[in-house]
Amino acid sequence: MSTPAVVAPAPATPATATNTVELTNTTRWYGNVVAVNDITMTLGPGVTGLLGPNGAGKSTLLHMISGFLAPSRGTVTVGGVAPWRNPDIFRTVGLVPERDSVYAFLTAREFVTASAKLHRLPDPEAATRRALDMVELVEVADRPIDTYSKGLRQRAKVAAALVHDPAVLLLDEPFNGMDPRQRLHMMDLLKRLGGEGRVILFSSHILEEVERLADTVQVVVAGRLAASGDYRSIRRLMTTRPHVFVLRTTDDRALAKALIESPAVQGVELTRGGLEVHASDHGTFTRQLARISRDAGVGLREVIPADESLESVFAYLVGA
Amino acid sequence: MSGWYNPTIARITLRALLGRKRALLLVLPGVVLLVLTLALKAAHLTSPTWPGEVLGRVGFSALLPLTALIVGTSVLGAEIDDNSILHLLATPVSRASIILTKGVVGSAVTVAFAAVPEFVAGVIAMGKVGGFAVGLGVGAAVGSVVYTGVFLLISTVTRHPVAFSLAYVAIWEGLVTNLVSGAKYFSVEQYALGIANAFAKDPDLSPHLTATTAVILAAIATGATLTVASTRLRSFTLAGDA
Numbered sequence: 285m286s287t288p289a290v291v292a293p294a295p296a297t298p299a300t301a302t303n304t305v306e307l308t309n310t311t312r313w314y315g316n317v318v319a320v321n322d323i324t325m326t327l328g329p330g331v332t333g334l335l336g337p338n339g340a341g342k343s344t345l346l347h348m349i350s351g352f353l354a355p356s357r358g359t360v361t362v363g364g365v366a367p368w369r370n371p372d373i374f375r376t377v378g379l380v381p382e383r384d385s386v387y388a389f390l391t392a393r394e395f396v397t398a399s400a401k402l403h404r405l406p407d408p409e410a411a412t413r414r415a416l417d418m419v420e421l422v423e424v425a426d427r428p429i430d431t432y433s434k435g436l437r438q439r440a441k442v443a444a445a446l447v448h449d450p451a452v453l454l455l456d457e458p459f460n461g462m463d464p465r466q467r468l469h470m471m472d473l474l475k476r477l478g479g480e481g482r483v484i485l486f487s488s489h490i491l492e493e494v495e496r497l498a499d500t501v502q503v504v505v506a507g508r509l510a511a512s513g514d515y516r517s518i519r520r521l522m523t524t525r526p527h528v529f530v531l532r533t534t535d536d537r538a539l540a541k542a543l544i545e546s547p548a549v550q551g552v553e554l555t556r557g558g559l560e561v562h563a564s565d566h567g568t569f570t571r572q573l574a575r576i577s578r579d580a581g582v583g584l585r586e587v588i589p590a591d592e593s594l595e596s597v598f599a600y601l602v603g604a
Numbered sequence: 014m015s016g017w018y019n020p021t022i023a024r025i026t027l028r029a030l031l032g033r034k035r036a037l038l039l040v041l042p043g044v045v046l047l048v049l050t051l052a053l054k055a056a057h058l059t060s061p062t063w064p065g066e067v068l069g070r071v072g073f074s075a076l077l078p079l080t081a082l083i084v085g086t087s088v089l090g091a092e093i094d095d096n097s098i099l100h101l102l103a104t105p106v107s108r109a110s111i112i113l114t115k116g117v118v119g120s121a122v123t124v125a126f127a128a129v130p131e132f133v134a135g136v137i138a139m140g141k142v143g144g145f146a147v148g149l150g151v152g153a154a155v156g157s158v159v160y161t162g163v164f165l166l167i168s169t170v171t172r173h174p175v176a177f178s179l180a181y182v183a184i185w186e187g188l189v190t191n192l193v194s195g196a197k198y199f200s201v202e203q204y205a206l207g208i209a210n211a212f213a214k215d216p217d218l219s220p221h222l223t224a225t226t227a228v229i230l231a232a233i234a235t236g237a238t239l240t241v242a243s244t245r246l247r248s249f250t251l252a253g254d255a
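Listed in order, the protein sequences are those of chains A and B.
Counting from 285, one number per residue, gives the positions in the first sequence under this note's numbering.
Counting from 14, one number per residue, gives the positions in the second sequence under this note's numbering.
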């Protein structure tokens, strides 16, 4: 595995002692299984997406940053302090866990107020109003949480995590189960919070979510940091990788002959399943395909991207 | 909010405990004991030993540990199981405070659903509020506190607290302490019986410890289990699966 692709983002707000998360050569293993392998990263103000396929080690990283898991090797610090066995870390950290487990018999107002009291805030009711307002949950705040949709529950959890105005907010797969409107709302909220100078770190296995929200991306694959930095640069790296398409046409052999002359095509192969095309440039190939097939007098029945899965993108990044 | 006891955690714990369906189970053991006592009393048993034998045996080896088991594993184990405990742990509250508060709530509820029925059954059996009934009540109350500590500890050690707690009650309290004489020093049931007998003066309760020894060991056991449970909760770990 190679050194991760690193592109330094321009910080929106200067990092200070309390709003910096640092992992240095952090490794975590369970028995013989290495979940996180020698990861070094520094997170500053703004929204950072922790991207990776299921089982990549994203949750393990979040659990170590929030103090619910000790690193087997290396260090993790939040604001210069190690979070493991240190509940005081939650004076500066807010955590939104992945699992939809809340005290559902409470109303959102009771839930957030309880959080405010546990943080010993001087005016818990005022802090609760502010947090509920921030997530736009005021109108339904007096309904029991067990009557909420997934999206409303998620917002109640975010309000509870924000009630003490933390410098660092950690969210584990915050968009799971949300409908598109709820996703947009949550994205707007997180963008706003990041813009205010907070460190927002959220995990996701959905490329598009990260693309729309994160200023910075940390791509984790098989426990390793595969790419790190500005999203657009990573995206560019992804879009210039060779792509494989399977085409079903009226005349595979004729189209293969026409396609091989295109500079955007690296190679073609006639298979039982159709015509397999290795394109060197995804964008150019997809733009040219229709014209080439028309010029060759070949009808296109089906165009199937064969390696568009997230895993294949990550696999490419790991090898980059 | 002050000191080790946290009223916010206490309120949430109590509502979670009494709101769950399993809370219905809490009422059953006490009701069974009271019905059994009333039935035996109505049968006009000639044996003078039945109150001590029934309320001591059935009460202290079944009603008390089962009630404490349901309560003790619910106040912490159930929250650990569904991860709702994270909302308490993701705050700067000390883990010792969480354990102590849950211990206070668990003990109080167990006293209400086990020690109070023991006391009432003692009154029914003897026909008066005397040393026997008070002894049963006080012994069961102390047992409630110690058992709660034990079950809180088990909840922090394993993700299957109910199964392990049942095994503990059945094998350790029910079997080993009756077969191995030295094990009485590590038996919550014997602590409770020893203290109950200090008031009841009834040999039919079959206590194997003096009241002084029982009080000292109960205090040590409670302190030790709550301390270790706090340490375990401080090291609470979330498995990373993704």
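Treat the hints with caution; some may be incorrect.
Claimed, not checked - Derived coverage of chain A by chain B (criterion: at least 3 residues anywhere in the stretch with Cβ under 8 angstroms from a Cβ of chain B; other residues may be distant): (1) 400 to 413; (2) 490 to 502; (3) 557 to 564; (4) 568 to 578.
What the hints assert, rightly or not - Stretch by stretch, here's where chain A covers chain B in the computed footprint (C-beta under 8 angstroms, at least three residues): (5) 87 to 97; (6) 104 to 111.
Claimed, not checked - Across the chosen pairs, the derived CB separations fall in these ranges: (7) B:Arg24 <-> A:Gly364: 48 to 54 angstroms; (8) B:Leu38 <-> A:Ala410: 38 to 44 angstroms; (9) B:Thr226 <-> A:Pro428: 38 to 44 angstroms; (10) A:Arg496 <-> B:Gly16: 35 to 41 angstroms; (11) A:Trp313 <-> B:Ser219: 50 to 56 angstroms; (12) A:Arg465 <-> B:Ser248: 39 to 45 angstroms; (13) A:Thr534 <-> B:Asp95: 56 to 62 angstroms; (14) A:Arg496 <-> B:Ile233: 30 to 36 angstroms.
Calculated from the structure, these hints are not laboratory results.
Don't be surprised by glycine CBs; every beta carbon is placed ideally from N, CA and C.
Okay, the hints, checked on the actual structure:
1. Look at the segment 400 to 413 of chain A against chain B: 4 of its residues bring a Cβ nearer than 8 angstroms to a Cβ of that chain, three or more, so the hint holds.
2. With 0 residues having a beta carbon nearer than 8 angstroms to a beta carbon of chain B, the segment 490 to 502 of chain A misses the requirement of three or more and the stated coverage is violated.
3. A count of 0 residues in the segment 557 to 564 of chain A with a Cβ less than 8 angstroms from any Cβ of chain B is obtained; the coverage claim is therefore unmet, three being the minimum.
4. With 0 residues having a Cβ less than 8 angstroms from any Cβ of chain B, the segment 568 to 578 of chain A misses the three-residue criterion, and the hint is violated.
5. Under a criterion of three residues with beta carbons nearer than 8 angstroms to beta carbons of chain A, the stated coverage of the segment 87 to 97 of chain B is upheld, 3 such residues being counted.
6. Look at the segment 104 to 111 of chain B against chain A: 5 of its residues bring a Cβ nearer than 8 angstroms to a Cβ of that chain, three or more, so the hint holds.
7. The hinted range of 48 to 54 angstroms is not satisfied by B:Arg24 and A:Gly364, whose Cβ atoms lie roughly 35 angstroms apart.
8. As the Cβ distance of B:Leu38 to A:Ala410 is approximately 41 angstroms, the hint placing it in 38 to 44 angstroms holds.
9. Roughly 49 angstroms separates the CB atoms of B:Thr226 and A:Pro428, a value that falls outside the hinted 38 to 44 angstroms.
10. Remark: the range hint 35 to 41 angstroms for A:Arg496 to B:Gly16 is contradicted by a beta-carbon distance near 47 angstroms.
11. Distance hint check for A:Trp313 and B:Ser219: the Cβ-Cβ separation is about 52 angstroms, which falls inside the suggested range of 50 to 56 angstroms.
12. Separation of A:Arg465 from B:Ser248 is about 41 angstroms and conforms to the stated range, judged on CB atoms against 39 to 45 angstroms.
13. The hinted window of 56 to 62 angstroms between A:Thr534 and B:Asp95 holds, with their beta carbons roughly 57 angstroms apart.
14. Take A:Arg496 and B:Ile233: their Cβ atoms lie about 59 angstroms apart, and the range 30 to 36 angstroms is violated.
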